[in-house]
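Can you join these two chains into the complex? Each is in its own frame, and there are hints to help.
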Amino acid sequence: MDLVLDNLMLKGLLVFSASFLSSFLVMPKVMDFSRKRGFVGRDVHKDGQPTVPEMGGLGILFGVLVGSLAYCLVSLKVDVRIVIFMCCTLIAGAIGVWDYLKTLRGAVKTLLTIVACAPIIIGWLLSPSEVVIGRPELPFVGGLRLTIVYWALLPFAIAVPANAVNMIDTFNGVMPITSTLSILALLISSIILGRWEATFMCLLLLGALMGFLPYNLYPSRVFASDVGSLAVGAGIGAIAVLGRLEVVGIVALMPQIMNAFYILASVRRLLERRQIAERPTVVLSGNVIAANKSEKAPMTLANLILSRGPLREPELVKAYAVLSFFSFILALATAWFMVMR
Amino acid sequence: MKALKYTMDIVGIMVLVWGLMLLLLVVVEAVVVNLKLPIEGAVGLLVNNALQLAIGGALFSAWLLVWYKATVYCRKRRLKLWSQGPQ
Chain X
64 MDLVLDNLML
74 KGLLVFSASF
84 LSSFLVMPKV
94 MDFSRKRGFV
104 GRDVHKDGQP
114 TVPEMGGLGI
124 LFGVLVGSLA
134 YCLVSLKVDV
144 RIVIFMCCTL
154 IAGAIGVWDY
164 LKTLRGAVKT
174 LLTIVACAPI
184 IIGWLLSPSE
194 VVIGRPELPF
204 VGGLRLTIVY
214 WALLPFAIAV
224 PANAVNMIDT
234 FNGVMPITST
244 LSILALLISS
254 IILGRWEATF
264 MCLLLLGALM
274 GFLPYNLYPS
284 RVFASDVGSL
294 AVGAGIGAIA
304 VLGRLEVVGI
314 VALMPQIMNA
324 FYILASVRRL
334 LERRQIAERP
344 TVVLSGNVIA
354 ANKSEKAPMT
364 LANLILSRGP
374 LREPELVKAY
384 AVLSFFSFIL
394 ALATAWFMVM
404 R
Chain U
447 MKALKYTMDI
457 VGIMVLVWGL
467 MLLLLVVVEA
477 VVVNLKLPIE
487 GAVGLLVNNA
497 LQLAIGGALF
507 SAWLLVWYKA
517 TVYCRKRRLK
527 LWSQGPQ
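First to last, the protein sequences are chains X and U.
Under the working numbering, the first sequence is numbered contiguously, ending at residue 404.
Under the working numbering, the second sequence is numbered contiguously, ending at residue 533.
So that you can see chain U by itself, here it is in the shape it has in the complex (with noise of 0.2 Å):
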């Protein structure tokens, strides 16, 4: 089937993303929240609130640009197997 033919690498990188995604929200979930630092007090809580934050934030743009870079090597390698293709 054509269909199936054209879409496969596209499931992989499918699959990939949805592995990395929940992967990520356990990581969040289980570590990232937490996460304590050894500060007392109203500072404490708020530093303690931002650097749960920035590591989410780190992961989440990490999930984002593997997600990315999969998907232009992908597009790159169907374009060359296009042209070496039959015309």
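The following block holds chain X by itself, in its conformation from the complex (with noise of 0.2 Å):
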């Protein structure tokens, strides 16, 4: 046991450090890439609204991707899980790299995103013995009986986590540290739970975004664009159900969640971020931002945290933090209550 568990661990450093060091040492050619195409977008929230070179979610790509190649070599084999996880992640920031360049219209992301859950249902229908989905696990009564219902959802498995990461990518640092925060949740439920692949995937995921964090963090240098979030939602979206870990994904996604729903729930309809005609928050002078508290403004989570004050943008990437950390914990708790049965 001992033996397995020290292979489990170096295995897991092996893959969570090429996907960081490359994910990492790769940001730089895509800053200037970036920036030699045009790739580039204002920082609305700074005065002068500096611009800063986007698709940095490139760099998560290549991280998940050299990543994944290196855990199929430190296993000497080719993983059906891993496999499917690489491909839902590269599809989704392949759409986002259409959106970007194409400006796709809300609704119609939002169902491309879809197709990204495609290699799951190929992957079952290939190798079943390996990938097995539809008996979602729940705390205190273990396995749940919908399974119709589950096939008729699995769709949006993929689709919501993508768009509700995609939705949260408004300031500067907070898609990464909210993301880590919630996949730092699957990580530690898929040990508790024992799913080792789940645990490799998240690591691999894990590693790219941590690579990709310094560089976006307040003032950012870069930013992820769809490319990024669309992929690493896609990633947390494909452990949850390869893991058979759906109950703790939803519950360490709930900022994202939140911010996604409120923003349906007051839009009323899938709208792209520039078709909508107010912006939920104000930019002050001195870099402060506030809450618009017109009834036209969409309200997201920023506007909610927003309507008790302003805040300069780090004060709100830290309550921001302050959501994840709690939702980590019920993430965890609802990993032990699973347990606990």
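Hints listed in this document are in silico derivations from the structure and should not be mistaken for laboratory results.
Among the hints, erroneous ones may be present.
If we take Cβ atoms under 10 Å as the criterion, some of the chain U residues that face chain X in the derived model are [to be verified]: (1) Val493; (2) Leu497; (3) Thr517; (4) Arg523; (5) Leu525.
Glycine included, C-beta positions come from ideal geometry on N, C-alpha and C.
Printed below as a string of structure tokens:
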């Protein structure tokens, strides 16, 4: 048992290091590439609205790719679940690139992200003994018996987290910080429940995301864009489904899901952010951000946090981190209830 | 810490939503899925499944409504506190 654990730990460390280093080291190249190609965006929450290179998500995708290859090399086999996870992430990233270049409508982008679920279904059809889906586990009661409903909802298992993570990516560092805590919750839960493939997928994604994090923290030197946020969200969704950690995944993504739910409930349809007439927040002098009190402004998590009063951007990001930390605790409690059953 | 002060009631909503979600899932698994109407045959199966789906859907909608109403109430309260606070 000790030998197995040692091997797992060593493998995990290697996979994490490979994805972290590749993502961290490639990021300056991605920034140069984006600047040269004119893939830049304005940081609207700062005085003077400086331009920042976008498409930083390409570095995250590179990290996931290298980490997946490293996993297959150290395992001396091609693991179907790791390949499925990688495909889901890459497909969502490709949709992000397409959206960035062509600016897709909100509903079209959401529908396209459903396609990112295809590798899971194909993997299940080709290798049902390895890809076990359709029996999500619940705290207290064990396996859920909603088999037909589960299959009906499966296409959204990737689309919902991908778009929820995409929607929260509005301030410097928010997406990688909140996603890191969500993945950490899934990582610890997978260890508690002994779902080792999910552990490696978490380490892969965590490494790639942490390689990106230093570049995206306030003040951001690069933005992830839809490429990064859709890919990270799809990766989290794939981990939850393949690791049978669906309920833990929902709880770990609570701030992102809350944000998406508030936007949908207040706007009442799927809109691209450029189609929304009023912004949920307003920038005051001195880089201070306040909630937009207008009835027409969509209710977002930022709007809700700032409804207590204006904050500077780093303080607002800290508030997001606090919410993510509590969802991390709740996700671990959920996993613990699954063990206690 | 300012971030903590700004998020405590939102954390409250999060805990409420989490608790209700677990309760909802347990009720669906332990009660709704076990519901059986005294109708035999394919029609009975269809009606039974439709009933289970309707009850599950109603519970899910109620959960979303509680979540949304709690958030709207919380936001109104926070905006009031903001307007009463030092400018």
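Q: For the hint on leucine 497 (chain U), just tell me whether its beta-carbon gets within less than 10 Å of chain X.
A: At 14 Å from the nearest chain X Cβ, leucine 497 (chain U) fails the 10 Å test, so the hint is violated.
Q: Classify the hint on threonine 517 (chain U) as holds or violated, based on whether any CB of chain X lies nearer than 10 Å to its CB.
A: holds, 7 Å
Q) Under the criterion of a CB-CB separation shorter than 10 Å, is arginine 523 (chain U) in contact with chain X as hinted? A) Holds - the Cβ of arginine 523 (chain U) comes within 10 Å of chain X, reaching about 9 Å at its closest.
Q: Let me know if the C-beta of valine 493 (chain U) comes in closer than 10 Å to any C-beta of chain X, holds or violated.
A: Not OK, violated: valine 493 (chain U) not within 10 Å of chain X, min 15 Å.
**Q.** Status of the hint placing leucine 525 (chain U) at chain X (closest C-beta pair under 10 Å)
**A.** Status holds, d = 5 Å.
Violated hints, in rising order: 1, 2; the structure is consistent with all others.
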